[in-house]
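Protein chains in written order, with the working numbering: chain A, 14 to 406; chain B, 208 to 673.
Quick caveat, the hints were computed from the structure, so don't treat them as lab data.
Think of the CB as a built atom: it goes at the ideal place given N, C-alpha and C, for glycine as much as any other residue.
Incorrect hints may have been included.
No farther apart than 30 Å at their CA atoms in a straight line, the calculated lysine-lysine pairs in the DSS-like style are these [as the list claims (entries may be wrong)]:
(1) 111/A - 88/A
(2) 91/A - 121/A
(3) 308/A - 423/B
(4) 86/A - 146/A
(5) 121/A - 57/A
(6) 201/A - 349/B
(7) 57/A - 144/A
(8) 392/B - 201/A
(9) 349/B - 349/A
(10) 392/B - 308/A
(11) 298/A - 513/B
(12) 298/A - 244/B
Which residues of chain A face chain B? A partial, calculated answer using Cβ under 7 Å [to be verified]:
(13) 32
(14) 242
(15) 256
(16) 330
These are the residues of each chain, in order.
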Amino acid sequence: MERVTVNYRLVLYWLLSMLALLLCLWFPTEQKIPRDLPPIDLVKSFEVEPSYLYFLDNQFHAVAGNRLEIGLKKKYLKNKFQRYNTLVINDLNISLNKVISLNWTLNKQRHKVPLNLTRTSVNRIDFNTRKAKDIKNLHLLIEHNPEMGIHKDPLDEVTFSSMYLSNGHPSGQPAVDFSEWLDYSPVKFNSINGYTSPDNTHLKKLILKVGTWLLISVVLYVLLGVNGQQLIGTLLIGWLLVSIPYWYNFHRQQNQLQEAFPENSSYLNALDRQAMDTARSITSKLESLPAFDPKQHKLVIFGPNQFIYLRLFYHLSEYDVAVHNTLRDLSQTSAKAIYVFFAGSGKLCHPAMAHQWTYMTSDQLSNQSFDRIGTPPVKVVTMEADYCMVMTR
Amino acid sequence: MTVIYGLLYAAYFMLLGSGMRVMFNWVSGQHVLIHKKTEFFAQSFFQGIFLHVVLFNILQFFPLAHSWILILTGSLVSACLLVLILAQYHGKMLRFQSIAPTRLSLSLLVLVTAGTCLIYWNGRLLPNIAWDSWMIWEGKAKQWLAQGLNVEISQWQEWIGNPQAVFNVSAHYPDGISLLYFLPKLIFTDSNPVVHVLALVAYALTTLLMISRLAKFNTPGYLQLVFVMVMYSIPLINNHLMIFGYADIWMAMYVLLIMLTLMDYQDEGHQGTGLTIIGYLLLLPMLKLEGWVWLGLFVLAHLLVKAYRSRFRSHLAVVATVAIIVMMITDGIHLSTPLGQLIINSQQLVVFNLLNTPLEFSDIYAALLTGFFWQNNWSFIWLGLPFLLVTFFTQNQNRASQVSHVFMLLALLCFLFLFFFTTASQWARDLTALNRVVLQLTPCYLFLLFKMLSQLRGVADQPDPA
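So that you can see chain A by itself, here it is in the shape it has in the complex (with noise of 0.2 Å):
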């Protein structure tokens, strides 16, 4: 008879626990807006040049260098267009080095969102404005993402079949919300820190939903008084809810970087095959020039804490060297070195800046005159298109 009893709590336990559950995925959160305004189909309006965009094979084509902009032109779109909050794409295939988004300027002031990169693109859109004459410089953009790896041909296609404003998706709300949950979102520099960025927690409202059923789910396993293996079932089944997108983007990654990283490169993006080079560059005029001793000379790249400068840095550390950016310091040492100076600082090299800036320390510039001071103390060594280096003498 108790037994009979224990089954009928653990029945009841998971019949309202999975009631819970698909309540909670399928409560609507979003404010309801009326439906009686009929998509907007977004191609008519393109602007843009005819050999970046084509139709073939019931696709719409894109085709997207390292940037790509697609005008929205207002007087194709109804005037009721700021009233729709949906902008869905169909069949959407984008390479995953590349993101798209849609842009517009309201009140001189620019507003971006990021469109989920899922096959069926459902984003929630807010014009922010009951006026459409407001709205300026309308677009998509889609962008080249150089932040991980080289990608040896950037100007690959995007292809969608459709492109529109609609107020909600036909599906209703879990289409809007799995094509959120299921955005794409590729590993940066800066994945260290988790791969949502504090303005976008897409993941929130799966959190939410997901964690009121587990309140509730607790609430019955207490009033119920079932075996805590149950709770524990709950709460597996939780974990793989929240956990398919995390999964899903991690096979996706695998993707994106097998096409960003083909070939096992040391490199870490564009940029450090820059500095890599200039590295080389460098080293071979070093290693040219007969008053070099690594062992005495101390070198300097000028220049702040950056990317570009640590991996130059980096690439040179067999030689004693170091990155800064304050030149009064660098006419105040004793020090044997070498300067490297780039772009920006390359003037730095010409014999009448070079009295300048080593003889920086006020006592010496107003004391003496150029003429008075003769030789400065450096000397130049080479001077190169993106680098130049001078050595003290």
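Guided by the hints, dock chain B onto chain A, whose structure is given.
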């Protein structure tokens, strides 16, 4: 080949740790009773890392050529091997409790291996993109390789005036992790993947140690399997294993290890376990600057539990209350010590040369809520925090559990204080620091959460009557 090199490097640490452990027991005249091989080798691995970091820190004082460093390391490995062989065949020091592998233990091993391989599968494609790694950890090892292990690494002011020194932006960072990069750099052409495999092995061993400890709380097998699945599906942790090179994952592992070893020590009171805790605690500031905060928190947790269980606890409570009242009346503490100043008042917090910050409230509620609760799947598990905190006070806990609970509470309070009242708030806003602290606490939190789950009604396995 990289994987094999990485595994060999991990075996090197296990050998160091095992050798040191057997030697200690030999000297103190005790047998090494190995209950679980995974536990023994996992602990030996982390003890080996401690020994390696300490030894190489000492070697930095001497102007040794790289060949000499290799000879010394080889001699050390041979000595450890010899100690193990002698202990086994002559002294009968090692005593393995014969435990046949069960279906559960094999399933757990398969799951841990699968999780490790999956992360390696994605991570192997990435070059060394972690700034801290190429600039500091691997960066310093590269400089040692070019200039010698004992070269002085300094920042601009010292570097420009010292012909013997080499420069690094982060010269003041501790050398611990850099020393893990140094040996592979000396031996292999591409050292980064080797250290990457090492980190994955370290995480796998941490997971196995956690399972071992959970099993001691009679956690059922299915819950142990769920635990492993959770450990390998948290993007915050997986990112740190994939984009390998930041110190936070090492901190997370050692903080967890200290908590587990502290529990072992409270249970068994073994002298060697006590020394292991001291070693792990000392390693924290050798890995990352803020390691001393964790060190302080562990010591405080231990002392608080000790004070709570003392028969003089009412006296101690009175003394603490009086001290707080005196501090409030005299507007804090202002002490000058040989280590530096100690100032604690309502405007400023100065702890020697480790911390110097004005105290001012910053509203970081939004960032805090996002960091803990609204980001990704790890946010889901932090929803269990209120339940966990309640059980700290409602369930009967043994001394080992009490220490871990007090530590967790202190850690949460400490970091909430730092983020709300000090300049650390600036990094909390963009989640940089917040997520790293969350990461460092996540393994400990997960362990306590699953311990709580195993205490739910009808969940725990019946303890073995033996």
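Verification of the supplied hints:
Of the pairs offered as hints, the one joining residue 111/A and residue 88/A holds, with about 29 Å between alpha carbons and a cut-off of 30 Å not exceeded. Restraint check for residue 91/A and residue 121/A: the C-alpha separation of about 22 Å stays at or below 30 Å, so the hint holds. Only pairs whose Cα atoms come within 30 Å are accepted, and residue 308/A paired with residue 423/B is rejected, the gap being roughly 59 Å. Distance restraint check for residue 86/A and residue 146/A: the Cα-Cα separation of roughly 12 Å lies within the 30 Å cut-off, and the hinted pair is therefore satisfied.
Using a Cα cut-off of 30 Å, the hinted pair residue 121/A and residue 57/A holds, with the two alpha carbons roughly 26 Å apart. Note on residue 201/A and residue 349/B: the hinted pairing holds, with a Cα-Cα distance of about 25 Å set against a maximum of 30 Å. This hinted pair checks out: residue 57/A and residue 144/A have alpha carbons roughly 21 Å apart, not beyond 30 Å. Taken as a hint, the residue 392/B and residue 201/A pair is honoured in the structure, with Cα atoms around 26 Å apart against an allowance of 30 Å.
Taking the CA atoms of residue 349/B and residue 349/A, the gap is about 23 Å. The hint holds against a cut of 30 Å. The suggested pairing of residue 392/B with residue 308/A holds, with an alpha-carbon distance near 22 Å, which does not exceed 30 Å. Simply put, residue 298/A and residue 513/B have alpha-carbon atoms about 66 Å apart, too far for the 30 Å limit, and the pair is violated. For a cut-off of 30 Å, the pair hint linking residue 298/A to residue 244/B is broken: about 57 Å separates their Cα positions.
Using the Cβ-Cβ criterion of 7 Å, the hint placing residue 32/A at the interface with chain B is not satisfied: the shortest such distance is roughly 21 Å. Given the 7 Å rule on beta carbons, the hint for residue 242/A holds: about 6 Å separates it from the nearest Cβ of chain B. Against a cut-off of 7 Å between C-beta atoms, the interface hint on residue 256/A holds, since the closest Cβ of chain B lies about 5 Å away. The criterion of a C-beta within 7 Å of any C-beta in chain B is met by residue 330/A, whose closest approach is roughly 5 Å, and the hint holds.
Comparing the model with each earlier hint shows violations of hints 3, 11, 12 and 13; every other hint is respected.
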